[in-house]
Structures are given as C-alpha cells and as structure tokens.
Amino acid sequence: MDEKDMKNIAKIVTIIAIVLCIVSLILPWNSFSVNLMGINMGADFYPWSGHVFVSGSFLGQSSTSADIWMILYTYTVGTAPTGSSTTTNPTAGNNTAIALFILSFIFVIIALIFGLLSIRSIKQNKSMMPLIAAIVSLLAIILFFAGISTVLSSDTTGTAGNMFKWTYGFFTMIITMILFFVSFGLLKSIKPAMPTMQTTETVPPAQ
0 MDEKDMKNIA KIVTIIAIVL CIVSLILPWN SFSVNLMGIN MGADFYPWSG
50 HVFVSGSFLG QSSTSADIWM ILYTYTVGTA PTGSSTTTNP TAGNNTAIAL
100 FILSFIFVII ALIFGLLSIR SIKQNKSMMP LIAAIVSLLA IILFFAGIST
150 VLSSDTTGTA GNMFKWTYGF FTMIITMILF FVSFGLLKSI KPAMPTMQTT
200 ETVPPAQ
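Residue numbers (numbering that gives the first Met the number 0): 0 to 206.
No false leads were mixed into what you were given.
Straight line, CA to CA, 20 Å or less: simulated PhoX-like cross-link-like pairs of lysine-lysine:
id : residue 1 : residue 2
1  : Lys187    : Lys6
2  : Lys122    : Lys6
3  : Lys10     : Lys187
4  : Lys122    : Lys187
Please keep in mind that the hints were generated in silico from the structure rather than gathered at the bench.
Here the structure is a predicted model, which means the values were calculated and not measured.
Work out the full structure: start from the sequences and follow the hints.
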C-alpha cells in the first residue's frame with residue numbers, strides 16, 4: 000500500500016472520529032433511574048449538561064413532575080415542583096464534580112478542534128495532530144469518569160453506584176479516542192520515500 004493510500008485511509012478514519020466526537024456530545028455519557036413508591040426519577044449526564052426528570056404520583060396521591068436541564072451544571076432551565084430543584088440535582092453543591100464535568104466538555108471541544116486540524120495536517124505529512132486529539136479525548140474521558148466518581152462519593156449508603164450506568168455517549172467517545180490513535184498509527188507507519196538515483200549517461204567525445 001503506497002503513501003497516498005495510507006493517507007487517504009488515515010483521513011477517512013479521522014473524519015469518522017470527528018463525527019463520533021460530535022455525536023458523543025448529543026448522547027448522555029452516564030445515567031441513572033429509580034422508581035420509588037410510584038415516583039419515577041432519573042438523570043442523564045453529559046459533559047456539557049445534566050438532565051433530571053421526575054414523574055408519577057407518590058403512593059397514588061397527587062402527581063408530580065420535573066424536567067430540568069443544567070447547562071454547564073450551573074444554569075438551570077426547565078420545570079420542577081416548588082422547592083425541589085435543588086434536591087433533584089445530583090450535582091447540587093458539589094463544585095468539584097461540576098468543575099470536572101466542565102473541564103471534560105472543554106477537552107472534548109479541544110479534541111474536536113485538533114481532529115479537524117488533523118485533516119489538513121495529513122496532507123502536510125504531519126502526524127502529531129491526531130495524536131494530540133487522541134490524548135485530549137482520553138483526558139476528557141478520565142475527567143468525566145472522575146466527575147461521576149465524585150458524585151457517587153457523596154452517597155454514604157453505597158447504593159447509588161448500582162443505579163448509575165455508563166451509556167452511549169461515553170462509549171462513543173472511547174471509540175473516538177481509539178480512532179484518533181489509529182489515524183496516528185497509520186501516519187507513523189508511512190515510510191519516507193527513498194530518493195531516486197539519477198544516472199547520467201556519458202557521451203563519448205566526437206572523433
């Protein structure tokens with residue numbers, strides 16, 4: 000396989016990684032749900048936002064509902080029962096978890112930027128851009144994992160860990176990271192072309 004083919008494959012892999020990186024921002028990375036005495040409660044966690052939802056009726060009494068979005072885990076929008084917006088927010092007061100989630104989001108954006116720059120750098124025989132995108136993607140994954148662990152650390156009963164599940168966005172980001180590494184590996188495997196030897200033909204002097 001020649002250099003041009005390897006570059007084309009690396010470019011396709013990088014484009015797929017970029018698309019998956021964008022998709023990972025749309026899908027939740029972690030979620031939990033529980034049914035407690037007729038009340039269905041749950042939350043979805045993204046690097047950029049958290050989504051909390053509540054519905055049902057407590058022991059068959061008056062029904063209640065909530066649908067809350069936490070933009071960057073600081074600005075809350077949506078509807079919630081009076082006085083319940085804080086209690087339905089798993090990250091309320093947990094500044095460490097909020098900081099880790101926001102940093103994870105920032106690193107996802109940085110990975111996306113370096114991924115886009117990788118497409119151009121492939122033509123210029125530069126392989127470091129996909130590597131940087133891969134490393135930054137890994138950091139985003141680690142930071143988000145640390146954020147979820149911080150949320151769980153506030154649970155003294157130890158039961159919350161069974162309700163939190165890693166979901167599609169988290170695994171999509173892992174695939175994104177792997178593809179960036181694959182793109183880097185493909186570019187590193189390209190061997191520089193050997194210089195061509197030019198032969199000169201000597202013409203005997205005229206008699």
